[in-house]
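Student: For the record, the sequence lines run as chains A and B.
Quick note on our numbering: the first sequence kicks off at 417 and runs consecutively.
Quick note on our numbering: the second sequence kicks off at 417 and runs consecutively.
Incorrect hints may appear among the rest.
Since the list gives no way to pick one copy over another, a pair counts as held whenever it fits inside one copy or between any two copies.
[Unchecked claim] Here are the computed lysine to aspartate or glutamate pairs in the EDC-like style, where the Cα-Cα straight-line distance is at most 16 Å:
1) K626 / E654
2) K521 / D543
3) K501 / D463
4) K429 / D543
5) K521 / D547
6) K421 / E496
7) K622 / D427
8) K501 / D603
9) K622 / E490
10) K447 / D494
These are calculated hints, taken from the structure and not from any lab test.
Remember, predicted model here, so these are calculated numbers, not experimental data.
There are 2 protein chains.
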Amino acid sequence: MAWTKQEQLYDGKSKRVHTTTSPDHVVVEFKDDATAFNGVKHALIGDKARVNQAISAHLFGKVAEAGVRHHLVEVISDTEWLCEKVEIIPVEVVVRNYCAGSLAKRYGREEGEALPWPLVEYFYKSDALNDPLLGADVAVLFGWAKRWELAFMTEQALAVNDVLRGFWSDLGVDLVDFKLEFGRTADGRVLLADEITPDGSRLWEKGTRKRFDKDVFRRDLGDLGDTYRELYAKVFGEALASA
Amino acid sequence: MAWTKQEQLYDGKSKRVHTTTSPDHVVVEFKDDATAFNGVKHALIGDKARVNQAISAHLFGKVAEAGVRHHLVEVISDTEWLCEKVEIIPVEVVVRNYCAGSLAKRYGREEGEALPWPLVEYFYKSDALNDPLLGADVAVLFGWAKRWELAFMTEQALAVNDVLRGFWSDLGVDLVDFKLEFGRTADGRVLLADEITPDGSRLWEKGTRKRFDKDVFRRDLGDLGDTYRELYAKVFGEALASA
Numbered sequence: 417m418a419w420t421k422q423e424q425l426y427d428g429k430s431k432r433v434h435t436t437t438s439p440d441h442v443v444v445e446f447k448d449d450a451t452a453f454n455g456v457k458h459a460l461i462g463d464k465a466r467v468n469q470a471i472s473a474h475l476f477g478k479v480a481e482a483g484v485r486h487h488l489v490e491v492i493s494d495t496e497w498l499c500e501k502v503e504i505i506p507v508e509v510v511v512r513n514y515c516a517g518s519l520a521k522r523y524g525r526e527e528g529e530a531l532p533w534p535l536v537e538y539f540y541k542s543d544a545l546n547d548p549l550l551g552a553d554v555a556v557l558f559g560w561a562k563r564w565e566l567a568f569m570t571e572q573a574l575a576v577n578d579v580l581r582g583f584w585s586d587l588g589v590d591l592v593d594f595k596l597e598f599g600r601t602a603d604g605r606v607l608l609a610d611e612i613t614p615d616g617s618r619l620w621e622k623g624t625r626k627r628f629d630k631d632v633f634r635r636d637l638g639d640l641g642d643t644y645r646e647l648y649a650k651v652f653g654e655a656l657a658s659a
Numbered sequence: 417m418a419w420t421k422q423e424q425l426y427d428g429k430s431k432r433v434h435t436t437t438s439p440d441h442v443v444v445e446f447k448d449d450a451t452a453f454n455g456v457k458h459a460l461i462g463d464k465a466r467v468n469q470a471i472s473a474h475l476f477g478k479v480a481e482a483g484v485r486h487h488l489v490e491v492i493s494d495t496e497w498l499c500e501k502v503e504i505i506p507v508e509v510v511v512r513n514y515c516a517g518s519l520a521k522r523y524g525r526e527e528g529e530a531l532p533w534p535l536v537e538y539f540y541k542s543d544a545l546n547d548p549l550l551g552a553d554v555a556v557l558f559g560w561a562k563r564w565e566l567a568f569m570t571e572q573a574l575a576v577n578d579v580l581r582g583f584w585s586d587l588g589v590d591l592v593d594f595k596l597e598f599g600r601t602a603d604g605r606v607l608l609a610d611e612i613t614p615d616g617s618r619l620w621e622k623g624t625r626k627r628f629d630k631d632v633f634r635r636d637l638g639d640l641g642d643t644y645r646e647l648y649a650k651v652f653g654e655a656l657a658s659a
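Pulled out of the complex, with its shape left as it was, chain A reads as follows (with noise of 0.2 Å):
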């Protein structure tokens, strides 16, 4: 690492940022928290931050053999990245393939259908205002993004769909839905960030639907450490080392 962590500067749910001695990169630590409900439910879940991390840095390399260009610069600690920094777009990008979580509640759907392809929609970033669904004139219309950034994040997205669905089919998992976050830097590019976990994304088990995400925390399906080190295990094919 070539810059040393210095003062924090964000705080969130599930991960802390710090500025570092570089002006155009900062460290990224995931935390053990789980939060769900905008933060309504609480628990920390020993283990979380690590598996996050090392299953999100695996998949960013995933999809940066694809093309789509990430925040993440460098590894370094099994909880800490150093990352481009950037200036979050307030806008959260969601690739549907099956009807799950919110699209099915707020249109009366059944759970698992599959959808003839895959949906993109996006929410505005807003914890005060429980993320509420974006459409894309209004994100333009109150200055939150750029026609063209809508666009590109919109491709970027079904991008790293196609490189996802097929990874995790490969391990006997279907990819039911994700969310993304993207952020400008001050050089002008846009950049996937944040992070690509099973926190944000909701994994079934081909045939049982056994759920490999953050609706075993959501809706107390099981333990969450367990499920969390299982998929570790999926994705890594040894166990997660003791902490």
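Assemble the complex: chain A is given as a structure, and chain B must be docked to it using the hints.
Tutor: Showing chain B alone in chain A's frame:
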């Protein structure tokens, strides 16, 4: 009227529909019922049916001059229309010139902000689901509308907005937003259907921002009957005749 009214097809929150001896025509009857919050709040407002019928017929005439085709064939009484029979497309089209109502609430904005250009939003027409916001992709994916129908409805709605903004402005009123519904005829046309009334529009007096719409009822701002009769007098230059 060329056809006689037959059995009731549908009894809605503010209108009733009857079949006629023509398979391609229905009779639409305006009711005095006012509802809000998806029917939770309800009252009978004397003269509401007559005011809404007269204003909507007048506005349908204005938009027809601009080339917008609608379902109204003939006014057959002061509360009844003969209309082309359509299958209503379950996508409500809302055009907004100012931020108000659900847009302001959803994104935590002040009411009254002028939008830099007219915003078109879609909502899924479902009382059971409280008419949720709807993206074009979802509407197409779930089969609620074809892509060309959404494009057509959007262009028609913007044409209606151009006409109505000018119409209301000449009467000293700002057209804040309004909702349209469209329907499909058996021979494959898409027509503007439903109504254009102060029930489904926001109309603010310039300067004072006095409300001339159903927000008077929703928000207990005064007597809705008096408000609607005052609006009638603005539009027609004379008071509504006694019933």
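Student: Now tell me if each hint is right for this structure.
Tutor: Here's how the hints hold up against the structure:
Neither within a single protomer nor between protomers do K626 and E654 lie at most 16 Å apart by alpha-carbon distance, with minima of 20 Å and 69 Å respectively. In this assembly of identical chains, the alpha carbons of K521 and D543 lie at most 16 Å apart only when taken from different copies (14 Å versus 19 Å within one copy). In this homomeric assembly, K501 and D463 never come within 16 Å of each other (Cα to Cα): the closest approach is 26 Å inside a single copy and 62 Å across copies. Taking the closest pair of Cα atoms, K429 and D543 come within 16 Å of each other only inside a single copy of the chain (10 Å); across copies the shortest separation is 35 Å, beyond that limit.
Within a single copy, K521 and D547 get their C-alpha atoms as close as 15 Å, and across copies as close as 12 Å, so both meet the 16 Å cut-off. In this assembly of identical chains, the alpha carbons of K421 and E496 lie at most 16 Å apart only when taken from the same copy (11 Å versus 74 Å across copies). For a Cα distance limit of 16 Å, the shortest separation of K622 from D427 qualifies neither inside one copy, at 36 Å, nor across copies, at 46 Å. When the C-alpha separation of K501 and D603 is checked against a cutoff of 16 Å, the pair qualifies only within one copy, where the shortest distance is 11 Å, while the shortest distance between copies is 58 Å.
In this assembly of identical chains, the alpha carbons of K622 and E490 never lie at most 16 Å apart, being 33 Å within a copy and 58 Å across copies at closest. Taking the shortest Cα distances, K447 and D494 sit within 16 Å of each other inside one copy (11 Å), while across copies they are farther apart (67 Å).
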